[in-house]
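Undergrad: Take a look at the letters that make up each chain.
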Amino acid sequence: MDIERRGQWLRGVLDLCVLGLLRDRESYGYQLAQALEAAGIGSIQGGTLYPVLLRLQRTGLVSAQWREGAAGPARKYYRITDLGRAELRRGGQDWLAFVAPVTGLVTERVDG
Amino acid sequence: MNADEWLRAFAAELRQRRVRDDDARHVVAEAATHLRDGGGDPAVVFGLPGRYAAAIAESIGATPPPVPAAPGPVRLHARGITKRYGRRTVLRDAGLTVRAGQIAAIVGANGCGKSTFLRICAGLISPDAGEVTVTGRLGYCPQQGGTADFLLPDEHFVLVGAGGGLARGPARRAGRAAARKLGWDAPGDVLTRHLSGGTRQKLNLTMSTLTEPDVLLLDEPYQGFDRGTYVDFWDQLGRLRDAGRAIVVVTHLLNQLDRVDLVLDLTPAGGTVRDGDAGWGGRA
Numbered sequence: 001m002d003i004e005r006r007g008q009w010l011r012g013v014l015d016l017c018v019l020g021l022l023r024d025r026e027s028y029g030y031q032l033a034q035a036l037e038a039a040g041i042g043s044i045q046g047g048t049l050y051p052v053l054l055r056l057q058r059t060g061l062v063s064a065q066w067r068e069g070a071a072g073p074a075r076k077y078y079r080i081t082d083l084g085r086a087e088l089r090r091g092g093q094d095w096l097a098f099v100a101p102v103t104g105l106v107t108e109r110v111d112g
Numbered sequence: 113m114n115a116d117e118w119l120r121a122f123a124a125e126l127r128q129r130r131v132r133d134d135d136a137r138h139v140v141a142e143a144a145t146h147l148r149d150g151g152g153d154p155a156v157v158f159g160l161p162g163r164y165a166a167a168i169a170e171s172i173g174a175t176p177p178p179v180p181a182a183p184g185p186v187r188l189h190a191r192g193i194t195k196r197y198g199r200r201t202v203l204r205d206a207g208l209t210v211r212a213g214q215i216a217a218i219v220g221a222n223g224c225g226k227s228t229f230l231r232i233c234a235g236l237i238s239p240d241a242g243e244v245t246v247t248g249r250l251g252y253c254p255q256q257g258g259t260a261d262f263l264l265p266d267e268h269f270v271l272v273g274a275g276g277g278l279a280r281g282p283a284r285r286a287g288r289a290a291a292r293k294l295g296w297d298a299p300g301d302v303l304t305r306h307l308s309g310g311t312r313q314k315l316n317l318t319m320s321t322l323t324e325p326d327v328l329l330l331d332e333p334y335q336g337f338d339r340g341t342y343v344d345f346w347d348q349l350g351r352l353r354d355a356g357r358a359i360v361v362v363t364h365l366l367n368q369l370d371r372v373d374l375v376l377d378l379t380p381a382g383g384t385v386r387d388g389d390a391g392w393g394g395r396a
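Protein chains in written order, with the numbering used here: chain A, 1 to 112; chain B, 113 to 396.
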């Protein structure tokens, strides 16, 4: 995939992807990066991920706390807030409304 | 550049961009955790220290440099402290003045008398010469051994609280709240002897802050802490300082991430107080 284009897309939706992953359970940075990769988004480096998490935290969409896990060292855990859930709903709907026509347009013409 | 070098460079870049100390500590610790979990070249994972620091500063919204708070009244004044054990002079004419709203670090090589100096300040041992004046209530956290194996954490809180005139309920609540600030949910039913060394140290530390002392003396209280707790510990000290406490910390290594106002170096031929230049944002 064209790396630059992928980067541009990601910048627009990475925050929504992170909110989506946090919807049902709290997580920490490295685990989120792995989950994003497992979801097929591709490899997200820390240098891209943590600034997004900080912005989400600053705007109150997630909260964060340092805690020791069940096994292993202390990590900074992120948890979605009510504000974050509302943003996930709204932003998610916006995204779906945005990609539907793009997908429609492109799908018909991509084979030809 | 290995991970440690990269993290040091990153911390310096954050500092240059005036990212708040607390924010910077969290970000550096988180990057260190990430590198430990995932490995990899930090320059690939995070990019160049300067560029990543710029991205962080932008995401956080950097703050202007803090206005130095006016120093409060003197809380601890030790002067001319000399201590001999047999023919060995451990401390010679050492002194320290700490005001409300300051953190002082006592540093120096092993065996140079750091703990002795602190114990003299706490009134636990007498100096051969010199005097200590403490204004207000005193809290002291020993290096280890301040906890009782067969008591629950809650019982420690109640015991210490009783000394400060707190009833059982409030003492327990205050203890648990203070423990949570160190990222520790004190369990109600686990005997202290079953706690890990690091957790016992959290209990120790929690006890020393429970009755909100005006002067807090801490003797390397973070042994056994992992990095996250260590970050929480310094955050907590920052909050106590901002609340007007006078704090003295004995430490064998003064991390560049630690933020102190004064440093007393007891290494022989040293024995001088210098400004907190080792920690960023030193506001001496």
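These are computed hints drawn from the structure, not numbers from a lab.
Any given hint could turn out to be false.
Stated by the list, open to error - To spell it out: a stretch of chain A is covered by chain B in this simulated footprint if at least three of its residues, at any positions, have a beta carbon under 8 Å from a beta carbon of chain B; those stretches are: (1) 13-20; (2) 58-67.
Unchecked claim - Residues from chain A shown here face chain B by an in silico Cβ test under 8 Å; the list is partial: (3) 40; (4) 41; (5) 45; (6) 46; (7) 51; (8) 75.
No residue lacks a Cβ here, since even glycine has one placed at the ideal position from N, Cα and C.
Undergrad: Does the closest beta carbon of chain B sit nearer than 8 Å to the beta carbon of residue 41(A)?
TA: 16 Å, violated
Undergrad: According to a criterion of three or more residues whose C-beta lies within less than 8 Å of a C-beta of chain B, is the segment 13-20 of chain A covered?
TA: violated (count 0)
Undergrad: Regarding the hint that residue 45(A) lies at the interface with chain B, is the smallest CB-CB distance below 8 Å?
TA: 5 Å, holds
Undergrad: If you take the shortest Cβ to Cβ gap from residue 46(A) to chain B, is it below 8 Å?
TA: For residue 46(A), the interface hint holds, since the closest Cβ of chain B sits about 5 Å away, which is under 8 Å.
Undergrad: Examine the segment 58-67 of chain A: at least three residues should have C-beta closer than 8 Å to a C-beta of chain B.
TA: Our answer is that it holds, as 4 residues pass the Cβ test (under 8 Å) against chain B, meeting three.
Undergrad: Does residue 51(A) pass the interface check with chain B, least Cβ-Cβ distance below 8 Å?
TA: Cβ of residue 51(A) sits 4 Å from chain B, so the hint holds.
Undergrad: For the restraint on residue 40(A), tell me whether the closest CB of chain B is nearer than 8 Å.
TA: It is violated, given that the least Cβ distance between residue 40(A) and chain B is near 19 Å, above 8 Å.
Undergrad: Taking 8 Å as the limit, does the beta-carbon of residue 75(A) come near enough to a beta-carbon in chain B?
TA: 6 Å, holds
Consistency note: the structure conflicts with the earlier hints numbered 1, 3, 4.
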